[in-house]
Amino acid sequence: MTATGDAEQPIPHPALWGVLYRNSTPFWEAVKRHELELQRCAQCGHWLVPPRPMCPKCRSADSEWVPVSGHGTIYSWVTYHESPHPAFEVPYSVVLVELDEGVRLVSNPVDIASDELEIGMPVDVVFEDIDDDLTLFKFTRAA
Amino acid sequence: MPSIKDAAAVVGVATTGFSTDSGRTEYSLAAECIKAALDDAGLRPEDVDGIVKDVVDGIDAMYIQKAVGIDNLTYASDSRYGTLPLLNAVTAVAAGIANTVVYYRSANNASGKRAGSDFRAAKETKDESLDMIRYDFHAPFGLLTPDGAIGMAVRRYLHEFEVSAEQVGWVPVVCSEHAAKNPQAIFHDAPITLADYIDSDVVVDPLRVLDCAPDVDGAIAIVVTRAERAVDLSQPPAFVMANAQGTSTEGEQLSSYSRPQMSGLPEMGLLGDELYRVAGIGPNDISVAQLDDRFAPLVPMQLEALGFCERGEGAAFCEGGDALRVGGRLALNTNGGFLGEGFSYGTNIIEAVRQIRGTSSNQVSDAEVVLVASGAGGPADGCILRR
Ligand SMILES: [Zn+2]
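Respectively, the protein sequence lines represent chains A and B.
Here the first sequence stands for residues 446 to 588, numbered as in this note's numbering.
Here the second sequence stands for residues 1172 to 1558, numbered as in this note's numbering.
So here's chain A without its partners, still in its complex pose (with noise of 0.2 Å):
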């Protein structure tokens, strides 16, 4: 199951804008090449998820991007039964994952059917090319 409904109406993402979130580029180039990278910080290894300008625990300006392992446990999720943009054809799942190394991303599932996802359900990350400017990230059942 994916969550790209009509084609013809892009999926919103600041990429197509021309816009991006200048703390995050680093993490959507990674996703184009098919890997998925976290910002974290180069004094003390603390995560910086959302991508960020210095870290909390350190306040180091100084980080890195690492790859990470792809693989985790789905944390929770809500499934819309009402479509708030023509891109997006309901019924569609959005789920949090939460990855090995602890930390959390929003993505969508893939192959699993809304009333099979379960809090803790192993899931390991694929990756879609919608078109030439946006990649993304999605997560299905691990093997």
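Treat the hints as calculated values from the structure; they're not laboratory data.
Heads up, some of the hints might be wrong.
As the list claims (entries may be wrong) - Label pairs and their calculated CB-CB ranges:
no.: 1; chain 1: A; residue 1: P567; chain 2: B; residue 2: P1354; range: 51 to 57 Å
no.: 2; chain 1: A; residue 1: P501; chain 2: B; residue 2: P1216; range: 53 to 59 Å
no.: 3; chain 1: B; residue 1: G1213; chain 2: A; residue 2: H530; range: 46 to 52 Å
Claimed, not checked - Partial list, computed: chain B residues near chain A (C-beta under 10 Å):
no.: 4; residue: I1175
no.: 5; residue: D1307
no.: 6; residue: G1313
no.: 7; residue: L1314
no.: 8; residue: G1319
no.: 9; residue: A1324
no.: 10; residue: R1326
no.: 11; residue: L1365
no.: 12; residue: I1369
no.: 13; residue: P1377
no.: 14; residue: S1419
no.: 15; residue: E1423
no.: 16; residue: Y1428
no.: 17; residue: S1429
no.: 18; residue: M1433
no.: 19; residue: E1490
C-beta: ideal position from N, C-alpha, C; glycine also.
With chain A held as given, fit chain B with the ligand onto it using these hints.
Then chain B with the ligand, alone, in the frame of chain A:
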């Protein structure tokens, strides 16, 4: 340490009433409402020297001045959420910057476009603020609405404390009972039953349509003045004992997904501690409250955070509804709440003032103090009013 306790009072309140299509401009709604609130207080526009506008909803204060005939201000500010603009007014009065301050918000959120709903706004603003998290990390996956964003935390709460829809449903049931007696509450002519709630459409699982307060058109206005002035005006004053905000670790607006636990409202806990500290009273002294029912499952979470019950016991507190009815342990949202009157911040303060005056449609006898809290799931805000 200086304190705002009892330095200011709410002396005038008004709403335009709420609808799904006002057929009027936000300008006209605001002007009418501000005049009505001043009339309620027995004050004239010439008495006003401070204005606080809701930063999201309503037109600029300079236009209000032109229409209502408020020429000279020594204090004007923008604020947001339910009781934070009240805090601006109270602090301005307590600090002697202004004598009489009007807080207003005005919005056609039902018939018009809901403020902040347009994600393309990001393109124009090019901001680096926290809201960009939503555009960048939520929008591409279709997590586009407040109910979807808060649904993640609601599911964690339901899961971690084994809370059922049959428990949460008593919040909208009791609010509908209160709304049915309030002529201003348009959404319930008659109370709903728990079965109505369970059968109502799921909008964004785990939230049903009857969990979510509807957007409305309308305006509110609230007049605040110095405590010693308040006693000479038309209405019994509602003294502001305490008024504060609370935020907490890794907070976001309805999407605090990076904090260790998502099943509680730590900012609401901080808010409660501060309100009780300043007011010098505790939850045991309070028997009527206006809590944030924009999303019903946040009510049991607030009951826990504000100390009306233990952690994890909020749903049991709500079950059966008796504790939330007039005469129960904590009469909840006696105007029907946002669920019954529509989602407009400020109505929570106004209903608390009615309780203090003894004019609520669901009056709690001897309501000497009323707690107001909003901003559940985001930056929390609240106040305690007294007779
Ligand atoms: Zn650090």
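Hints, one by one, checked against the model:
1. A/P567 with B/P1354: 51 to 57 Å: holds, 54 Å
2. A/P501 with B/P1216: 53 to 59 Å: Check failed, 46 Å falls outside 53 to 59 Å.
3. B/G1213 with A/H530: 46 to 52 Å: holds, 49 Å
4. I1175: At 30 Å from the nearest chain A Cβ, B/I1175 fails the 10 Å test, so the hint is violated.
5. D1307: Nearest chain A Cβ about 4 Å off; hint holds.
6. G1313: holds, 4 Å
7. L1314: holds, 5 Å
8. G1319: holds, 5 Å
9. A1324: holds, 7 Å
10. R1326: Cβ of B/R1326 sits 5 Å from chain A, so the hint holds.
11. L1365: violated, 21 Å
12. I1369: violated, 16 Å
13. P1377: Holds, about 7 Å.
14. S1419: violated, 12 Å
15. E1423: Holds, because the Cβ-Cβ distance from B/E1423 to chain A comes to roughly 9 Å (cut-off 10 Å).
16. Y1428: holds, 5 Å
17. S1429: holds, 6 Å
18. M1433: For B/M1433, the interface hint holds, since the closest Cβ of chain A sits about 7 Å away, which is under 10 Å.
19. E1490: violated, 23 Å
The structure fails to meet hints 2, 4, 11, 12, 14 and 19 from the earlier list, while all remaining hints are met.
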